[in-house]
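Chain residues, written in single-letter form:
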Amino acid sequence: MINTQRFTFSRVAIYATLILAAAVYLVPLVVMLLTSFKTPEDIRTGNLLSWPQVIDGIGWIKAWDTVGGYFWNSVKITVPAVLISTFIGAMNGYVLSMWRFRGSQLFFGLLLFGCFLPFQTVLLPASFTIGKLGLANTTTGLVLVHVVYGLAFTTLFFRNYYVSIPDALVKAARLDGAGFFTIFGRILLPMSVPIVMVCLIWQFTQIWNDFLFGVVFASGDAQPITVALNNLVNTSTGAKEYNVDMAAAMIAGLPTLLVYIFAGKYFLRGLTSGAVKG
Amino acid sequence: MSSVAVFSKASPFDALQRWLPKLVLAPSMLIVLVGFYGYIFWTFLLSFTNSSFMPSYQWVGLQQYARLMANDRWWVASKNLAVFGGMFIVISLVIGVFLAILLDQRIRKEGFIRTIYLYPMALSMIVTGTAWKWLLNPGLGLDKMLRDWGWEGFRFDWLLDQDRVVYCLVIAAVWQASGFVMAMFLAGLRGVDQSIIRAAQVDGASLPTIYLRIVLPSLRPVFFSAFMILAHIAIKSFDLVSAMTAGGPGYSSDLPAMFMYSFTFSRGQMGIGSASAIMMLGAILAILVPYLYSELRNKRHD
Amino acid sequence: MATLELRNVNKSYGKGLPDTLKNIELKIDDGEFLILVGPSGCGKSTLMNCIAGLESISGGAILVDDADISGMSPKDRDIAMVFQSYALYPTMSVRDNIAFGLKIRKMSAAAIEEEVARVSKLLQIEHLLSRKPGQLSGGQQQRVAMGRALARRPKIYLFDEPLSNLDAKLRVEMRTEMKLMHQRLKTTTVYVTHDQIEAMTLGDKVAVMKDGIIQQFGTPKQIYNDPANLFVASFIGSPPMNFIPLRLQRREGRLLALLDSGQARCELPLGMQDAGLEDRDVIVGIRAEQIVLAPAEANGLPVIRAEVQVIEPTGPDTLVFVTLNGIKVCCRMAPDDAPAVGQSLNLQFDPAKVLLFDANTGERLGAMSSPQAQGRADNVAQFKGR
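Residue numbers (our numbering), protein chains in the order written: chain V, 9 to 286; chain U, 1270 to 1571; chain G, 4 to 389.
Derived by calculation from the structure, the hints in this document are not laboratory data. Computed from a predicted model, the values in this text were never measured in an experiment. Fair warning: there could be bad hints in the mix.
What the hints assert, rightly or not - Below, simulated PhoX-like cross-link-like pairs (lysine-lysine); rule was C-alpha separation at most 25 Å, straight line:
hint	chain 1	residue 1	chain 2	residue 2
1	G	Lys25	G	Lys172
2	G	Lys189	G	Lys158
3	V	Lys84	V	Lys140
4	G	Lys18	U	Lys1291
5	V	Lys273	U	Lys1291
6	G	Lys189	G	Lys78
7	G	Lys172	G	Lys158
8	U	Lys1291	G	Lys158
9	G	Lys182	G	Lys30
Claimed, not checked - Below, a sample of chain G positions facing chain V; criterion: calculated Cβ distance under 10 Å:
hint	residue
10	Leu57
11	Pro77
12	Ser88
13	Thr94
14	Lys106
15	Arg108
16	Arg155
17	Leu161
Here a beta-carbon is modelled for each residue, glycine too, at the ideal position from N, C-alpha and C.
Turn these sequences into a full structure, and let the hints steer you where they fit.
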């Protein structure tokens, strides 16, 4: 940080720019909120930032009617997928950092590389497999897919975290007589709270926000809310009801937004630790 | 690093302990081998077949690739990716770095402001696409607002303009990702050795010069990381296109990811769809491999 | 408590890689304190890990009380270890840290309490039992780590550079405490350090290691007075031994080392008379305390006059540096005797204490007609065929 004085012209200019930028970032959210509480009449006569003539919740009610069911699908998909992929990632990270063996480093390299692959390259075979397993268009199928393709990141998080823990700790525990799972459960896991938070929040955001897997593996009754939202805004029949669209978007976006507001620092840590490896 | 100790004919518990790490890792290893690399290979194979609605394993050589190359929509999609990707990355970097530098100036409520810049990353690209689709709505969105505010005759119908619709995608994507670039660079700036900056100040350099000539060049690794991640986002931007334009008008805002989905799953052209997926992989590898190579080489020199 | 023996222990990390440990042979008795000392990378920590069972050995055997434990897992070997970084479990209290190993071994709660009480009293950490490691100072953490080891009452204690992370003053205090504790408890201990002062002060037996090989194994006195090679001679002792490379002369059947201070010359007769030594490049080794101020009356010992280049007063004595044969040589004398820089003084040598090394191999040359030779003979035997 470079020292500058308080109220010089440059300071004022800096603050002004920052506030202007903040406004630009916030405007879409504000617009979404405003629009969701207007009536279609109001939308036509007003403009993006005009205050609703009457604050009407009709948009929200209709939106919930349309996409509400799929909200619960998203919950059914996201919660198990987050928990399972985090758990597996933790165990993998534990093995890769503390119990290295021949081939484990190679595996880690392959895994790391896998973080970069575009999912398009695996979609088709994956959909065959899901179909053969009888899990097409089910939330369970989606959970499986998310677990499989979330492994790379969760393992990465935990492995990088555990690598910084001195292995003298594991050695001491082995001398004390502790076995593989005891060391994990009694010693490493209690120390892992920060990274577990990061992983949970990162995975929650990724999986809740996912669209690609949803639309490929579960369009129909089992689809997540992102797919439902997309269908809603892309319908070309009937008059467009922007209040409903915006309310639906808010419903889809609120969970991750709230998680971000309350646990933002973990979110940031997840971004930057994933980024560091990139 | 400690390897597993030699075990004698001792208890079966010991033998289990020795195998446990491998057992624990095995399922994941299997998943990675099959689900990542196995499937990629499978897709690769399919791209050489004449699969359409159902997979067939009849070999047709490079026919699908030829069809791909002859497909106008694929070219439009690829060109869009280059334009979209290039603009998205450059503009996000510029804005992100700029904001990071500003925030580095010991701003009050820095955390609060940072939170505002970063929140878009928490949203699904479908939500982002939906929001911006509305914001840029020709007739009811931005242009109406500006007209209401006094700017008569302002029109903004880029969403309907074949040549300009890609820019709309860029705007939405930059809004979403620039906060993240800012966060990365802010962290990087905080890690810069203060004594170098002080030395430059003593030498008489002005603040902008210090940033441009000294600080930013030292943040090359951060530039690389940010570039990699932004490129990754760009190549994957299926969600954004879907929500904002559905590839339209026509297919003028199509992107390879969308093309692949459309041809593989909607149009029942698995062969050409697979070929397009492999092309996408090739694009990523073209960026990734030189990057990794240079990283490894640098490590060896350190 | 138990005896520990290492027979021909080898360790390598893979084909094509050089051996990390080569032909390690050691034997210590019940209650003895063995020090493994050497520079970084010499293999001492690897050896310690092998004894603990944390790493496997590629060849040879490790015997505790004459039973081969080479195949056993760490937890079955009844060995406790104190790590350089203490490795305390950060989320557990001090009490739980000490009790952890005992709980795993399914001791009764009452027995565990007793042990914790005993150990915490011994180490004076009773007031710390409810704290977490993060709330303790370095010295306190070190004691807790020792407590964890003591509570297990193992056959053998291993210490991996336990004092390295402490500041200098604390290190000296803890050193003395460790010695006291060992005298009281008579525990069989293997202690790794890179600090040769710790090696000299703490050990009953010392093994000096370099490049995975034991250079010499003996008592501190043997190591100090009778080093087996150049490395041991240079590693042990502060200030380090003076080394003067030269060619010996043989006159009238006696071997002489010719020293030249620039002002004067002297002939240093050597104790060993072996044939052929004058044809080799050799290095003469003399410790700083063996070069003294010559007394006023001549007493038959060789004397040389030299000019003082540098003096370093250390408090209890003063190190005086002169030049002999172009080499900077350190002499130790009482502070009152030391002259100023630039002045000349008469230095006297004791030929019986002068050591001779082969300049190319570093091996110690010639037989010494002293009791120390006995210890040396055992060491030299270890070196045959290396």
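task: Just pull the numbers of the violated hints for me, sorted ascending.
output: Those not satisfied are hints 1, 5, 7, 8.
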